[in-house]
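Residue numbers (this note's numbering), protein chains in the order written: chain A, 1 to 339; chain B, 1 to 339; chain C, 1 to 339; chain D, 1 to 339.
Please keep in mind that the hints were generated in silico from the structure rather than gathered at the bench. Hints should not be assumed to be uniformly reliable.
Just so you know, same-sequence chains aren't split out, so a pair can sit in one copy or run between any two.
Straight-line distance between alpha carbons at most 20 Å, and here's what the computed DMTMM-like set of lysine to aspartate or glutamate pairs gives [what the hints assert, rightly or not]: (1) Lys329 / Glu156; (2) Lys336 / Glu216; (3) Lys78 / Glu216; (4) Lys336 / Glu326; (5) Lys27 / Glu48; (6) Lys78 / Asp180; (7) Lys144 / Glu170.
4 protein chains.
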Amino acid sequence: MIVVMKLGATPAQVQHAAEEIDRLGLKSHVIVGTERTVVAAVGDERVEGAKQHLESLDAVENVMPILAPYKIASLETKKEPTAVEVMKLRIGAGNIGVIAGPCSVEDEAQIVSVAKLVKAAGATGLRGGAFKPRTSPYSFQGLKEKGLEMLALAREATGLAIVTEVMAPEHVPLVGKYTDVLQIGARNMQNYPLLEAAGESGKTILLKRGPSATMEEFLLAAEYILKTGNKNVILCERGIRTFEDHVRFTLPLTSVPYLKQKTHLPIVVDPSHGTGKSSLVPAMALASIACGADGLIVEVHPDPEHAMSDGSQSLTPAAFQKMMTECRKVAAAVGKTMA
Amino acid sequence: MIVVMKLGATPAQVQHAAEEIDRLGLKSHVIVGTERTVVAAVGDERVEGAKQHLESLDAVENVMPILAPYKIASLETKKEPTAVEVMKLRIGAGNIGVIAGPCSVEDEAQIVSVAKLVKAAGATGLRGGAFKPRTSPYSFQGLKEKGLEMLALAREATGLAIVTEVMAPEHVPLVGKYTDVLQIGARNMQNYPLLEAAGESGKTILLKRGPSATMEEFLLAAEYILKTGNKNVILCERGIRTFEDHVRFTLPLTSVPYLKQKTHLPIVVDPSHGTGKSSLVPAMALASIACGADGLIVEVHPDPEHAMSDGSQSLTPAAFQKMMTECRKVAAAVGKTMA
Amino acid sequence: MIVVMKLGATPAQVQHAAEEIDRLGLKSHVIVGTERTVVAAVGDERVEGAKQHLESLDAVENVMPILAPYKIASLETKKEPTAVEVMKLRIGAGNIGVIAGPCSVEDEAQIVSVAKLVKAAGATGLRGGAFKPRTSPYSFQGLKEKGLEMLALAREATGLAIVTEVMAPEHVPLVGKYTDVLQIGARNMQNYPLLEAAGESGKTILLKRGPSATMEEFLLAAEYILKTGNKNVILCERGIRTFEDHVRFTLPLTSVPYLKQKTHLPIVVDPSHGTGKSSLVPAMALASIACGADGLIVEVHPDPEHAMSDGSQSLTPAAFQKMMTECRKVAAAVGKTMA
Amino acid sequence: MIVVMKLGATPAQVQHAAEEIDRLGLKSHVIVGTERTVVAAVGDERVEGAKQHLESLDAVENVMPILAPYKIASLETKKEPTAVEVMKLRIGAGNIGVIAGPCSVEDEAQIVSVAKLVKAAGATGLRGGAFKPRTSPYSFQGLKEKGLEMLALAREATGLAIVTEVMAPEHVPLVGKYTDVLQIGARNMQNYPLLEAAGESGKTILLKRGPSATMEEFLLAAEYILKTGNKNVILCERGIRTFEDHVRFTLPLTSVPYLKQKTHLPIVVDPSHGTGKSSLVPAMALASIACGADGLIVEVHPDPEHAMSDGSQSLTPAAFQKMMTECRKVAAAVGKTMA
């Protein structure tokens, strides 16, 4: 860390800062500038509370960390990219895996038929919500365990890997029983008891970025899961909240190449939530693959007009199939393989 | 709702939209404009999934709701403001209640001594984290049940109402046993199982706004609690995430008068998290009272330099006392009472 | 427009709103709902000040426009896409045009050599700042007219179309004398006297989106230019300001497919300013093409280490050439042509 | 500056960075950490292009400035607060100056009558737009010189200081002839030719913060004016663009105490644009004064319903008078004087 002293900090205050740095097990290094003095703190600065402590010292202006605060997620810790393989779903290591399906599981016929349709188009994972976090308590909250059973039937019928959301630590065993990949939703990215419970299940986790999370917070959330010993974490960019009002969320695809420079974890993009409008989804799916994403998670509904949630951002099976054909061309152009 | 049809929508498509509106139990009303046709949907538009359904219709451009989606929280439902009174803490009905204390409970001596100091300065509630949500898994996570016991001792010693965070549904009974007000943290504003479990406890709930939540989402989160039958909800503005980099969060105080126009629930402000810097806290506390807040929640630590978390945003007891003196003057200027 | 009346609006207030709508030359249409009354205003609602006027009426809650406020820029006005062709630069109509060059023109040798290098790699336009808007008054402000002369020499040597920024209305004639495309920078997107002066010059205009501009404001800025009779406007997405701190700006590529649905004007992307880091530029260039952009504007410097401005976001000529090879593959995959 | 080297930077790369720092006239200081090496650059780091240059070096991860980039605006340069006094308008030095008036000058009777009304309520400055920057080219653009003449008549009739916007460098002499304070609007905060022309006029300048400007950019814009030798700059916080959709802009009042810690320039707040709704203006005016603002600029229209622009955010004279009475109480509570 670099501890920047206030203008006019006295030698005694500087010395106090240096001593506190040493007391934390770091090595202090005073640099007297022409206007300000800074004290460098050399060593593993990720000491619990070190930054907060130094920031609260009397003549300290601010404290700038040098090291990233996450460790296990870091590319510096593990240089080879992590690839995930669950059932037929392959994400990473040159493979683009596509997870598709409806926002909510509505009934058995619906989910089985969608599963077959998206599989035919090339998807290897099936998404579908059984426990649904909804902004309004008056909206449809999902079929819960019945929905999970229907997902399991769809898996049986197609061999697709099941990806579904888990909303509370106490649901992890139940949801885990029926599914292959546990999804942590954007609203729960910093629900730490949930991250830990999900991590401890040993299941593959798809972690969605919170709509106001920085990259550092996103990777620290992944770190909560990785710290349980679970190595199978897929990051998912799904859009952030900004002033833009023509989309539901702003989809910042630069996250993809940036994360590739910082972490070994695979990255998928959700262009459905990331735009909120089905007419914008295919273009953003192509862009995701072009900039290096390892996969996609896309909403597809056989009859978007009658979807019980998020119909306006769901593709029809025909639109999905067309998108997949175009995605394969872009994937080939960037040297990737798609099922 | 107003359903705006796409340019060039055919009469058949307009009629289909109208029929779907009627099918939802609303009454359709077609208005043919010079450039576009819109269809008004008259009735209680908060029908489950109605907006999504209409948005997904073929020639529909977009759907604009007319009514606020929350009901119990609405000032239209309950015209007289809700006031909260727990132990000596009075929030609302002309009273400004101040909750103060350290970010984390660290040991018995610390919490009891802070409790006495803030009480002497006029606080009627004591804050202090026992279960701490922390961005990094490597940061101090709180003393958990031991911390709760210490809070209970501080209550015994001072009579202050205890306000502390609960992070998971399964912790609600435990945390509820020791405290007077359950705090739902900003990261958990949309943790719906937690909102419901907290609501069902019957305890007073202090609900913090999520850093990227709109006012509507904030009130819908309150609605989740209110829907359990629990009427004692305090809203807390604690800052939003924006591009500003000179503060930890942007504190949008306009929320206070805006919420007063929309809801009967009382509103407190957290200028500590809302700025992230102790030197900015007193000015924003004064501003909060001036614009109509019913209370404050403020971090105070006897020795911010050695705080185990958030030291840089904690006031010293002396600074807190000075702030309270100034707050009382502003409260008087706007016709409010402070302990 | 839809005028939403406040709860409890009296019949007289509703009638007054209806009369005001009629007075504005629109046709009012009252719809009495179960909870609220709305009044539709049918006709060309883009009457000067109509929305503001109706919003200020006594019992009006809010006013929702139905029509987009821009006209000439609208795809509804002109259905066939506008393509731009200046010198060898072709943007739109299936052609992807790439404008490349240094942030600032530094000397003749530099600009001529870069021009040759980027031309060799496939660029058909040359960018380079002569008048530089800089955040700090202490930063390099550009070579001004001398820089323009150097750009003209580079054009002579290569046949590339020159794209350079104009910062003030009184500079338009001078800058226009030397260049083919006048760039309006992001900071000046709502500098209306400049938009008008640039438009009146008849030159092709490259209009950059302001970092906090909505799509509607962006298209209205274009409308200022189009209204002068100038039809040659290129829109440029260059990133918006959000809370993200790992990039200089957030690059919201969804703008590209969205704008394609709203306007006939061609759209280019600036991945250099849109990320601020050269290592992220190539991936975002590929993504831009994949999602439908008509062109790119990219910073290339022969020696980024010694660039007088923005070195950290400039590609080396070698990196640019590699990027262009990859771009051509993605362009082919989406059915576009690149020089 | 602190230059952070990439992990695995070679000794030769570190040495190169150190040499480049020395070559810029700063003094390098290498600190070898356990994981990374950083090189401190001691001296006046505000050397032109120094940060960009160092950032573009081969093994440099990033460069963190230590010093604020503005100089003349800094509280470190001038410790006593700057107070402005123009006609009867006093801003700073314990005085709260209030500038009030319509968004646009509409006719002589209107502006003279508003001037008298706001003066009676305690305003000492009169605002009113003659040149109006409007988002849409189809909106009312102001009466231009005729409007200026009307403002001069209002000044004659009341003695209020006239505050009006100037939009282009070539209008500075004309606008300056009729007015006491030149306003630079939010859209033009980074219109550098305009800042310089306005500064050189010697007139007092009211500089509005751009809706996506950081505090540093805001103070650097002020620096452009101050650098011309003009010392009379008033900063104006008028709201920023965020995801909040219940207000026109988010009004981040923490700017006020923050700026007080960084600059000697006086700060006023514009709660009219900062909220966009007249019903929210009085509360935010009170909050502005409570947190230390030196003044207010507020829209008042004798008949908001018939205002030619921004009617919905204008107060009636009666509402303004009531607000002023309340403001005086809060001003007294924080030890300030109001006319």
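Status of the hints after comparison with the structure:
no. : hint            : result
1   : Lys329 / Glu156 : neither (30 Å within a copy, 39 Å between copies)
2   : Lys336 / Glu216 : neither (27 Å within a copy, 37 Å between copies)
3   : Lys78 / Glu216  : within (17 Å within a copy, 38 Å between copies)
4   : Lys336 / Glu326 : both (13 Å within a copy, 13 Å between copies)
5   : Lys27 / Glu48   : within (16 Å within a copy, 33 Å between copies)
6   : Lys78 / Asp180  : neither (25 Å within a copy, 47 Å between copies)
7   : Lys144 / Glu170 : both (13 Å within a copy, 19 Å between copies)
Taken one by one, the earlier hints fail for this structure at numbers 1, 2, 6, listed in ascending order.
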